[in-house]
Amino acid sequence: DTGVSQDPRHKITKRGQNVTFRCDPISEHNRLYWYRQTLGQGPEFLTYFQNEAQLEKSRLLSDRFSAERPKGSFSTLEIQRTEQGDSAMYLCASSLDGPFQYFGAGTRLSVL
Amino acid sequence: GQQLNQSPQSMFIQEGEDVSMNCTSSSIFNTWLWYKQDPGEGPVLLIALYKAGELTSNGRLTAQFGITRKDSFLNISASIPSDVGIYFCAGQPSGGGADGLTFGKGTHLIIQP
Chain A
2 DTGVSQDPRH KITKRGQNVT FRCDPISEHN RLYWYRQTLG QGPEFLTYFQ
52 NEAQLEKSRL LSDRFSAERP KGSFSTLEIQ RTEQGDSAMY LCASSLDGPF
102 QYFGAGTRLS VL
Chain B
188 GQQLNQSPQS MFIQEGEDVS MNCTSSSIFN TWLWYKQDPG EGPVLLIALY
238 KAGELTSNGR LTAQFGITRK DSFLNISASI PSDVGIYFCA GQPSGGGADG
288 LTFGKGTHLI IQP
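Chains A and B are the protein sequences, given in the same order. Numbered according to the numbering used here, the first sequence spans residues 2 to 113. Numbered according to the numbering used here, the second sequence spans residues 188 to 300.
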């Protein structure tokens, strides 16, 4: 399968714990995006990388959130001191020099 | 901030019927995209539109980019059971293709047997 891969698919954690999600983009895609989706809503943009450089962050990305793409390939999204309001589907997308963003299946986070 | 208004929120139709949904924006977008999302999965790209007035088809799907760059519609002809899902419009303000997408809240399509 050469699509966008996300791991894990589901994560259950207790409030206050840290969590990390991984995204592997489509091979050779230079752009990688993170979105958050809550129930009944469309995805909301969080941040974007071009190769290893993080070029844009939305105001939704609080100080507890950090994303990296160290070698311009896979990316990680970490949430520190999780809160119940962080419960959502976290989606990753990748693209190659254009507007076509291809999404992974997402990581569903439940904070208890 | 930018908002996309999608309508209708949900549609209950009979198999074989045509479907029409639309999306409007308070600001200009230079690219419009339509996605479909099934439960527990990520959105899947259906159609991309680049030019104002552009009409594009993909099988039974047809989408148009409004002349004002503030709206788009998606039509599905002769609906089939696998068309069930949530359809999202998404806009990108720049023409360069690098920005994060702004999504609507989705149109939930339900097909009655």
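Check the hints yourself; a few may be wrong.
[Claimed, not checked] Which stretches of chain B does chain A cover? Using the computed rule of at least three CB atoms under 8 angstroms from a CB of chain A, they are:
1) 248-255
2) 266-280
3) 288-299
Source of the hints: derived by calculation from the structure; they are not laboratory data. These numbers come from a predicted model, not from an experiment. For glycine and all other residues, C-beta sits at the position ideal for the given N, C-alpha and C.
**Report entry** Claimed coverage, the segment 266-280 of chain B by chain A - three or more beta carbons nearer than 8 angstroms
**Finding:** Three-residue rule met by the segment 266-280 of chain B, so holds; n is 3.
Report task. Please count how many residues of the segment 248-255 of chain B have a CB within 8 angstroms of a CB from chain A and say whether that reaches 3. Result -> Since 0 is below three, the answer is violated.
Query raised in the report: Counting residues of the segment 288-299 of chain B that have a beta-carbon nearer than 8 angstroms to any beta-carbon of chain A, does the count reach 3?
Result: Check passed, 6 qualifying residues.
Checked against the numbered hints above, the structure breaks only hint 1 and satisfies the rest.
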